[in-house]
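Listed here are the chains, written in short residue letters.
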Amino acid sequence: MSNPQQLRYSKEHEWLSAAEDGVSTVGITEHAANALGDVVYVQLPEVGDTVTAGETCGELESTKSVSDLYSPVTGEIVEANQDVVDDPSLVNSAPFEGGWLFKVRVAQEPEDLLSAAEYTDFAS
Amino acid sequence: MSNAPRLTSLDALHRSLGATMTDFAGWDMPLRYTSERDEHHAVRTKAGLFDLSHMGEITVTGPQAAALLDYALVGNIGGVATGRARYTMICREDGGILDDLIVYRLGDTEYMVVANASNAQTVLDALTERAEGFDAAVRDDRDAYALIAVQGPESPGILGSLTDADLDGLKYYAGLPGTVAGVPALIARTGYTGEDGFELFVEPRHAEALWRALTEAGAPAGLVPCGLSCRDTLRLEAGMPLYGHELTTSLTPFDAGLGRVVKFEKEGDFVGRKALEAAAERAAANPPRRLVGLVARGRRVPRAGMTVVAGGEAVGEVTSGAPSPTLGKPLAMAYVDAAHAGPGTEGVGVDVRGTHEPYEVVALPFYKRRK
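Going line by line, the protein sequences match chains A and B. Going by the UniProt record's numbering, the first residue of the first sequence is number 1, and it counts up by one from there. Going by the UniProt record's numbering, the first residue of the second sequence is number 1, and it counts up by one from there.
Watch out, some of these pointers could steer you wrong.
Stated by the list, open to error - Derived lysine-lysine pairs resembling DSS-like cross-links, with alpha carbons at most 25 angstroms apart:
#1 103(A) - 171(B)
#2 171(B) - 46(B)
#3 64(A) - 46(B)
#4 171(B) - 64(A)
As the list claims (entries may be wrong) - According to the in silico footprint, chain B covers these stretches of chain A (three or more CB under 8 angstroms from chain B):
#5 3-9
#6 38-45
Rather than coming from a laboratory, the hints here were simulated on the basis of the structure. Beta carbons are placed, not taken as given, at the ideal position from N, Cα and C, and that holds for glycine.
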């Protein structure tokens, strides 16, 4: 599987887009989606919530298990993807596209985010 | 002793198919090949192919084979006709369930006992011990068989294209020796999915050829390889108990709502009789927690071990839970106090990580195929 070049990645398997007007989009990687299996329930942070890099901000539930969702950055939630709440299988079918999870106004980024190449090594 | 996982004779094939593997009772087994939801739907609407070679086969032979099994198990095994199978249990002296089993009568004096992978050694040890004094031999045949199941409404057509065996004459819970795709097999009309289907016991050296033949014959009908993940959601929808979840050594068959498998009327003593008679009386006088179905009104998934609540009180415990691909809602089986166990009981919830999620109490099974 290929990890898009223009994104950066956390060791908790989230991806982060480059900020536009200070806002980045966050999702989980295809590697993480495959490991979870069919995602059946997604609980996302709400607009206005403050999230902290490396801390849990939601839940991803698959047929077999529940996983915490972490935020790769610190900031304020400006949008949660209602499409993925309505149809959690988007996380599996389009993890880097329609299966994005939330948009966050970035206040602070950790220094250890990975490049696509670094993440590919990390996840393999 | 090595702790390396045991591999079935189809292991290389699973890996070549890209299966996600998982440890199951010490075996490395396919969890899923693609999407467990797609595999589940294939079994409900077309057909699915399973490797179940981790199940434990034990052969019991000899003039007193039937007498031994009647003593060792809670069912009436002597009453099973040749070519038929019976669902039964093996219990401890105190009535606790050691395992649930399917026993096939292969001949006048020959039976095959199929145990769950996780309990196969326990069952083998118990049968061996209980065989003392009987003119019967207990043989460990776990390595003698691979087990392939083809399940789903298309399975009779698929299997029929590969065998001359009289499948129409083969009833549910029956088995006969035959040849499938040139491979000698015990063909059994059993399964664990709630669908029509067959289980094929073959020599491990023939398993791969049989799997390939079934895959080829089944492809036009929509047959796909299926892993243990969808097997679990299929059996949950069908309301079938799973050892370690609905059945444990701390429950008697009466506590599990399966008292009908205990045949007190059979001749002679059997292991656990006294304790089970007491359990039956207790269950009649003072109903224990009952095994019920719970259907989620929301979307959060109940899991084994979660507490069932009503009016802020704990009234039961979830034994199995999963999102149901067929119903499109999370389902659970749970043991619930009799007062809250009636279908339609209001106000029942499950504590899902601190939130009380509402559930509807229903009778099992959740899903029944049309015959």
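Verification of the hints:
1. 103(A) - 171(B): At roughly 58 angstroms apart (the allowed maximum being 25 angstroms), residue 171(B) and residue 103(A) break the hint.
2. 171(B) - 46(B): holds (20 angstroms)
3. 64(A) - 46(B): Measuring from Cα to Cα gives roughly 24 angstroms; hence the hint holds.
4. 171(B) - 64(A): violated (34 angstroms)
5. 3-9: This one is violated; 0 residues, fewer than the three required, reach chain B with a Cβ under 8 angstroms.
6. 38-45: As far as the stretch 38-45 of chain A goes, the hint holds, because 3 residues have Cβ atoms under 8 angstroms from chain B.
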